[in-house]
Amino acid sequence: MPLSSAVITFPGSNCDRDAQTYLELITGQVPHKIWHNDQIIPKVDIIIIPGGFSFGDYLRSGAMASKSPIIKEVLKHSERGGYVLGICNGFQILTEIGLLSGALNRNVKLKFIAKNCHIKKNNENFFNKKIQNDKILSIPVAHNEGSYYNSEEGLKSLEDNEQVAFLYCDKDGNSNNESNINGSLNHIAGITNKEKNVLGLMPHPERAFQDFHQSQDGQLILESLIS
Amino acid sequence: MNNDLIKQHGLTLEEYGVINDYLKRELTIEELGIFSAMWNEHCCYKTSKKWLKKLPTTNDIVIQGPGENAGVIDIEDNDAIAFKIESHNHPSYIEPFNGSATGVGGILRDIFTMGARPIATLNSIRFGELSNFKTKYLVNAVVKGIGHYGNCIGIPNIGGECEFDSSYNYNNLVNAMAIGHVQKDAIFYSKPKTLGALIVYIGSKTGKDGIHGASMASDVFSEDDEDSKRPSVQVGDPFMEKLLMEGCLELMDAKLIESMQDMGAAGITSSSVEMASKGNLGVEINLDKIPLREPLSAYEILLSESQERMLAVILEENNEKVKNILKKWQIDYEVIGKITDTKRVIFQSKDKIVVDLPVDIIVDSAPEYDRPFNLPLKRKDKEFDLSKLNLEKCLNNILKNINYSHKSWVFDQYDSTVMGNTINEPGLSSGIVKIHNSSKAIGATTDCNPLYIRINPEKGMCLTVCESYRNLIASNLKPMAITNNLNFASPLDQNIMGELVLSINGLKETALYFDTPIVSGNVSLYNQTNDEPIKPTPVIGCVGYNSNYKKIISNSFQKKDQQILMIGNILSPKNSPYFLQDQLGLTEISAFNDICDPDFELEKKHKNFLFDSFDDNLIESCNDISKGGIMHSLIKMIKNELGFSIKIENELDLFVECTAGYIVVISTDNYQKLLDKAESLEVNIRNLGMVTTKGFEINQSKLNFNSIYDKYLNTFSDKINN
Amino acid sequence: MRVKILVRLKKQILEPQGKNIEECLNNLGFSECGNVRQGKLIELDLPEDIKDKSTYIKDICGKLLVNDIIEEYEVL
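Residue numbers (our numbering), protein chains in the order written: chain A, 1 to 227; chain B, 1 to 722; chain C, 1 to 76.
All clues stand as given, with none of them false.
Straight-line Cα separation of at most 16 Å, EDC-like style, residue types lysine to aspartate or glutamate; simulated pairs:
1. LYS574(B) x ASP594(B)
2. LYS10(C) x GLU152(A)
3. LYS677(B) x ASP612(B)
4. LYS171(A) x ASP217(A)
5. LYS551(B) x ASP211(A)
6. LYS11(C) x GLU152(A)
7. LYS109(A) x ASP718(B)
8. LYS40(C) x ASP57(A)
9. LYS109(A) x GLU23(C)
10. LYS604(B) x GLU509(B)
11. LYS440(B) x ASP211(A)
12. LYS10(C) x GLU71(C)
13. LYS673(B) x ASP615(B)
14. LYS40(C) x GLU74(C)
15. LYS327(B) x ASP38(A)
16. LYS673(B) x GLU620(B)
17. LYS639(B) x ASP710(B)
18. LYS407(B) x GLU163(B)
19. LYS19(C) x GLU32(C)
20. LYS67(A) x ASP59(C)
21. LYS328(B) x ASP38(A)
22. LYS171(A) x GLU641(B)
23. LYS550(B) x ASP211(A)
24. LYS53(C) x GLU74(C)
These are calculated hints, taken from the structure and not from any lab test.
Model the full structure from these sequences, guided by the hints.
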């Protein structure tokens, strides 16, 4: 099944082109390029909200982007069951919109972290169904505010509804303090909404799919959606 | 005009005399400000110009040499690469976070001003010794600042250097290099062409940032000055720069711009004067039109160094279109003047002309000095007692020395994979990115060996440039061209001036021999506080190219049971300065022997041998050898728990420096073929041993792989955090 | 009228900035300092005659300035 797509660019987005390349090379279809002030998104299968520093991340990461005119289109799309993938700043924006629960705080060590990290699948959803349960994915992260937080009830509800999509782990698949690079609650690297058609992910799959990348594991996410 | 005022503006009375004789009238205070900005070292290179002119700057791949915002080289088809390195040393000592951040911002503007989209940055940073009270604070803040700016704007950082030495205790160095990709037929220059065309101001509003910043960069510090200088450091806004970059690139793409110039050091003054000078035209600017953040006088507007601002020339008929594109990107924009044929620079403010100067007095009459200099002392050959050194001690000295440690503490704070085209991340022999939608790969490296250059500036520079070639060659990249950042102490000291002159000479010789022209660069002088000069630090940024990224050779071990070889001339310990410094603890420069002669022929022979062997797919991985010798090079090649087992007759040979040195790893099946090739090209190969899983074995000693490698990885953070 | 709004992470949320400042102060010998928190101050102008000021401020905080999952605010 071919996958039609759109990528939204906010002022300060800097992974929008990377997301477009990711979609184009894997799905074979050129994604629509959407500007944050646009009024409509053509009907597509997936919308990617890319990484970057939307509006400079000046108030809170993703806060101002979540007020852009295009967001109502994202909400419509997700309500009718369309896929939404928010990567890094995109994840932060999705929590600010309220499509995903919780928030992303500053990394515990207060430093920007840019390196390859390991994640593994937790609860199954549209985005990871082609990934084996014991597969350890190697995917780069690059963020200053990726420490996932939710209230106790919020966290419980996530877990009860099987919304925790990915966990940080080490290369052997163990999730421990050391592998939890940014201090996220319960090692959370990615979550979905209840309906599981919206995924927020701190690591960057669009930087791990080409033959010259350190790893090609990022392919698996789009391939899960295509199959 | 009183003499104190002239001196406060960094001009000598003789220099002022030249202006007065020409104009035959008193200068306005605004005009004095202009001369202060344009005639300092930073803008007019008055001390170095005579010597810089001798550098080779052209060959058939150079599209633009020095003199524009960045140099540009041809990489076949319609593709070109723009690149430059620039210093932000003094601002980064006074206010390290903002100083280093705006250094990155400034160099990126230089790149996209040429119409090029930045594709990579590198940073060469140097600090004082760790025991110095300020060093850890500076390292933390400089790294944070560089990361803050580069990460936010979204340009990958692919490499650089980070070195510690007591000579930088009061003058840390921050040199930022940026590389951009541009279509050959879409390069933009700063030269305006059309009479009557509009001069427009694009970007952030003007504030008091950095007033006198450009002059500040040419003062000798005295230590208690820091606080009084603080307000003049610029604050950067990477978000604004991202918008500015996208807005400018869109304007250029739509061919709505005639010429463009970054308002960097010395702000609107230097950008407008340079525009007029390049076009052999005049400019007339109304300062009342400049978007301001706070009320400023004409003098302050002229000298403000507020960041993220551009000056562009557009045709009147495009005005509306330009306005609309910039509005989309939320960028301030104002028509502030026009291009005239008067060959004068005229600024008016509040219906009064405050500056009216002929361009030629500012540019062509700028001072140029031929300062006296000393040649380095002849050195007697000395012997050293090495009896106390052995494998274990030497290895330990390397592992505990922060300069040899893995620099991931630094690199992990820089986004190195944004833009999705990174092939080699920082920490390898060179950083490499792929050109978007193309198979072409661009690699880059920054290098400097200040100790070599202090001992012998000319030879030391030759060796440094050769090392930068080797960094690229090891990955199968052809060295193409160079950008340089000449950091020195006060040239009024004849020994320092000698270092400047002779190292430029060394650069010239090497670049000529290997046909790698110098296409851009920057000079930073007076890096000294009280009587403590920095070591001479002429940093080389070298760019390499391979038309097919699939041909890039890894710098790391690939598979166990592959064979480890080395080529290169192993030096004797007494001629290896870094060995003497870091293994024997030598510090006094007079205690060292002269350094070895560079061996251009051998370097070339090895380059040809490697390129030939890469083409025949004989080599699995390769790494260059520099300070720390064979041992350091092998440690850097460790990956995925692959180590080594080697044999060598004299164990100290593992730690000394080499000329034309490389580690070459091959599959054993190719050994004979490689030997045959080596023989035919008269290359001497030394067989070291094998790649093994978790091996750290030298002759009979089986060392603990995990503890050694962990130490190598963690020394930096352990030392910085404690 | 100048309005100052102090935004902070809620007490129960780990706040590494504050923790770090506290450690640093303690290391400098100011061992009496505890419970350090860092917040951000947002200042803005409102017309003197604005109607229902407190509802208005509540509104701008709720809509943009504060993320009530992790933050709380007070008007100074």
